[in-house]
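In the order they appear, the protein sequences are chains A and B. What the first sequence shows, in the working numbering, is residues 1 to 313, in sequence order. What the second sequence shows, in the working numbering, is residues 1 to 511, in sequence order.
Hints are computed from structural coordinates only; laboratory data are not their basis. Quick reminder that beta carbons are idealized off the backbone N, C-alpha and C, glycines included. The reader is advised that the hints may include incorrect statements.
[Claimed, not checked] Residues from chain A shown here face chain B by an in silico Cβ test under 8 Å; the list is partial: (1) P10; (2) A14; (3) P30; (4) A50; (5) G52; (6) Y55; (7) P61; (8) L68; (9) P91; (10) Q220; (11) Q261; (12) R311.
[What the hints assert, rightly or not] If you anchor each label on the Cβ, the simulated ranges turn out as follows: (13) F41/B / V126/A: 48 to 56 Å; (14) F334/B / K155/A: 17 to 25 Å; (15) D197/A / I161/B: 34 to 42 Å; (16) L131/A / I229/B: 23 to 31 Å; (17) R124/A / I229/B: 34 to 42 Å; (18) T368/B / I137/A: 40 to 48 Å; (19) I82/B / K155/A: 25 to 33 Å; (20) G133/A / I161/B: 30 to 38 Å; (21) P148/B / D107/A: 47 to 55 Å; (22) W56/A / F41/B: 22 to 30 Å; (23) E103/A / W329/B: 54 to 62 Å.
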Amino acid sequence: MSENQEIRTPVSVAGLEHEYPHLEPSANNPQLVERVIAVMFLIGIALLVAFGACYWINAQPWKLGATLGGAMFFLGVGLIAWGKYLMPRGPFVEERHTLANSEADRDAFAAAIVERGGDVVKRRKVLGGLLGGGLGIFGVVAMFPLLRSLGPLPKGTLDHTDWKNGSYVVDQSGRRVQVGDLAVGSIVTVFPEGTQDTDRGQAVDQTVLIRLSNEDFTTQKGRETWAPKGYVAYSKVCTHLGCPVGLYEQQLQLLVCPCHQSMFNVNNGAIPQFGPAPRPLPQLPLYVDADGNLRAQSDYHVPIGPGFWERHV
Amino acid sequence: MTDVLNTKRAKQAALGPYGRVGKSLDELDDRLGIAKGGRTFLDKIFPDHWSFMLGEIALYSFVVLMVTGVFLTLYYIPSQAIVTYHGGYLPLDGQKVTQAFSSSVDLSFAVRGGLLMRQMHHWACDIFVGAIVVHMARVFFTGAFRKPRELNWTIGGTLLILAIVNGFLGYSLPDDLVSGTGIRIAYSIILSIPVVGSYLGFLVFGGNFPGTAIIPRFFILHVLIVPLIIIGLVTAHMALLLRQKHTQFPGEGRTENNVVGSPMFPVFMAKTTGFLFVISGITALLGAFAQVNPIWQFGPYDASRISYAVQPDWYMGFLDGALRIWPSWSFHSFGFTIPWEVFIPAVLLPGLIFNIVFAWPAIERRFTKDDAMHNLLDRPSDRPKRTAAGVAMLALLGMLFIASSTDVMANFFHVSLNTVLWTMRVLCITAPFVAYPITYKICKELQAVKGGGKRKTPNVVTRTAEGEYVATPAPVYVDDLHHGHEPTEVPKFFPADTEEPGDSGVRVVER
Ligand code: HEM
Ligand code: FES
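Okay, chain A solo, but in the shape it has when bound:
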């Protein structure tokens, strides 16, 4: 064996003599390494002191982070270098012992479980059965309060919004929208009056109102009266995953969802033209009352938003 090879043959840590080459540092020049590490520790300590000072005077966050991070970094690198270059170079070896026990030990263990356990169950069948059944029922019954008190049941609430016959159309600040308010081609987010400040209003009732140039506009057959004076309203909740469909591409007449880029055609009843959304945005039937206010004829005719099992249309 060459000299190199001898040194690199692993030995056990236990019972090592002092003159073993394995106990020497692995650095060729330990004095130099020691000095470098000392400098790193000094920098680390200086930065720690600087961190304390920065904290004391309430310096900007980046100064806190730079001093703290720099300090940790230098202390850490110094410590790693100490371990790597100045501590016993090894390599050392440790024996592995088989995890498995002897056949006899295994049998004794298995016997204890199978025979003793079997005895108990076989001799007290009724008790065992009752205990098992009791625990099972406990498991099921315990679920009721645990789960059931977490929230109400849906009970069809996902099918409706707060829009109803006669609801005034209001904008985010609660102002009623009148026929003359919107310039042609503009868009505004609206709510049924009274919900504009509520979580539910913002999450469920949110609707986009767009004024198109064509005054007798019809999106689909059977919706002739829904868009008076070119005002068309669609649910703002994307039918894919419920993001607000917030972008309006006026030239292409498209509503675009910023989450996964579903695009809905404003002209034909918001039929999805691109992207993962499976259904059109439901359209809200509108009318203009005698005072020129925009109002809803009814709720949406279909449930708004993403799909769910009980969604029946």
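We have chain A already, so just place chain B with the ligands on it with the hints.
Then chain B with the ligands, alone, in the frame of chain A:
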């Protein structure tokens, strides 16, 4: 005989050769019996290969998460009650926001060191999940998951899921516009589960979205329940490691029945403590110089608003990508809806991927019929099928991740969204099938390389008495001498070279 009592030397002698420390240890051993086990623990050998460091990165970034997280809990208020913001960030002054949001903004501007802690916490999270993934990849590609370590592979996979879940929960806590949109999407994903979806959604959220319960609920999950489970599983992970000992790469003096490396004390302890410091330091530097999650710019959550180009944290990217490219296949019949367009990419797909991960040790055993104990690691190229399968999976995940920025790509390359969409669909399906054979072939080629995986050794050129130059290869590095483990035979297409003196006039001798 001179009885010298009360001198310094006699006192020391009475303490025994190891002085006060030895005495205290004796006292401890009297009561706990720790001497033998303690010595074994200090002598425990850790392999020196760099790839064993990846797990440590995960562990230490979790430590950073806990320390910074506890700091955050002191100031963060988990409540959706509405307050009027009057803090240090003037653009938001007077706005109605939730307490969760306003306390998170205050944490960033009013609490000394608060912004640093928030950003460190966020960076540590990104590093944590990343380190787990890379650590897992090394365990996979080297076959460290084989018998007897299947259980630790399963624990590791569970930890990855929990880390992702807790990252999502924490990301949601500030209740800003971006994270609120994430919660909305999570709610819709729960709704998409057939039959029970809407019930589950209502139970989790305490009613229809958004309600006022979700932030407090996410909070308790994020700071107590999930971290507790993680701590329990990490403990089990370490205990199994201690019991089964480390794996190691083959090399000089290394067998299935030993471990070669550095002892726990002092070498490994010094290195690993230093490493903890370095990870914390890097996290602090990132927190200082790399802004992350500037919630005050996003503004408070309002379900009817959205900011443009919303992107989740990186570890959610593959789900977002899958949701983007999945076709709009909703199923509707008999008065019921199954939202396949959401359920498949967001529930079934990740379920399938993680089930493959969990089942892998069993799958591989079924094919190899290999029931032996394995403590020596594989070189990835020696197991071309496994390596190719792993790369195929990573290729799929990578493509899904890229697909999460279809809009950005369309803008950047000035192509239509439709083109990008279809490109990503094709890439996601083909990438695994392309990656597999290529990886397989590369592995086979690497096996055929003479001395592959071993460091190059220099040739020692000597001049003989007759004036001939002779190049003798220096001995192979001892670490590179593989024992009892040879790559599978590969066909040889060319006859072996015959040794001829080259034009240089140097004769190369085989060692
Ligand atoms: C598995 C480990 C953990 C992960 C992956 C994780 C991840 C996150 C993330 C990504 C955030 C958002 C940070 C931001 O505002 O940008 C967060 C926030 C938070 N985390 Fe953690 N965290 C973990 C453990 C903990 C622990 C152990 C605690 C406390 C005991 C904690 C307390 C908090 C608090 C209070 C917030 C809200 C801070 C704010 O809104 O500014 N986290 N977490
Ligand atoms: S939520 Fe609108 S496209 Fe996904």
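Each hint tested on the structure:
With 8 Å as the threshold, the beta carbon of P10/A comes within range of chain B, its nearest partner Cβ sitting at about 4 Å, so the hint holds. For A14/A, the shortest C-beta to C-beta distance to chain B is roughly 6 Å, which falls under 8 Å, so the interface hint holds. With a cut of 8 Å, the hint placing P30/A at the interface with chain B is violated, because the nearest CB-to-CB distance is about 15 Å. The beta carbon of A50/A comes no nearer than 13 Å to any beta carbon in chain B, farther than 8 Å, and the hint placing it at the interface is violated.
Evaluation of the G52/A hint against chain B yields a violated restraint, the C-beta minimum of about 12 Å exceeding 8 Å. The closest approach between the C-beta of Y55/A and any C-beta of chain B is roughly 7 Å, which is under the 8 Å cut-off, so the hint is satisfied. Interface restraint check for P61/A: the shortest CB-CB distance to chain B comes to about 4 Å, inside 8 Å, so the restraint holds. For the restraint placing L68/A at the interface with chain B, the shortest Cβ-Cβ distance is roughly 5 Å, inside the 8 Å limit, so the hint holds.
Given hint, P91/A at the interface with chain B, holds; its Cβ is 5 Å from that chain's nearest Cβ, closer than 8 Å. Checking Q220/A against chain B by beta carbon gives a least distance of about 18 Å; that is not within 8 Å, so the hint is violated. A least Cβ separation of about 6 Å between Q261/A and chain B falls short of the 8 Å threshold, and the interface hint therefore holds. With its C-beta approaching chain B no nearer than about 4 Å, R311/A sits inside the 8 Å limit, and its interface hint holds.
Look at F41/B against V126/A: about 50 Å separates their beta carbons, and that is inside 48 to 56 Å. A C-beta distance of roughly 20 Å is found between F334/B and K155/A, which places it inside the suggested range of 17 to 25 Å. Checked against the given bound of 34 to 42 Å, the beta carbons of D197/A and I161/B, roughly 39 Å apart, stay inside it. A hinted range of 23 to 31 Å for the beta carbons of L131/A and I229/B is consistent with their spacing of about 29 Å.
Checked against the hint of 34 to 42 Å, the C-beta distance between R124/A and I229/B comes to roughly 36 Å, which is consistent with it. Look at T368/B against I137/A: about 45 Å separates their beta carbons, and that is inside 40 to 48 Å. For I82/B and K155/A, the Cβ-Cβ distance of about 27 Å falls inside the hinted range of 25 to 33 Å, so the restraint holds. Between G133/A and I161/B the CB atoms are about 33 Å apart, so this pair conforms to the stated range of 30 to 38 Å.
At about 20 Å, the CB distance of P148/B to D107/A disagrees with the hint of 47 to 55 Å. A C-beta distance of roughly 41 Å is found between W56/A and F41/B, which places it outside the suggested range of 22 to 30 Å. Take E103/A and W329/B: their Cβ atoms lie about 57 Å apart, and the range 54 to 62 Å holds.
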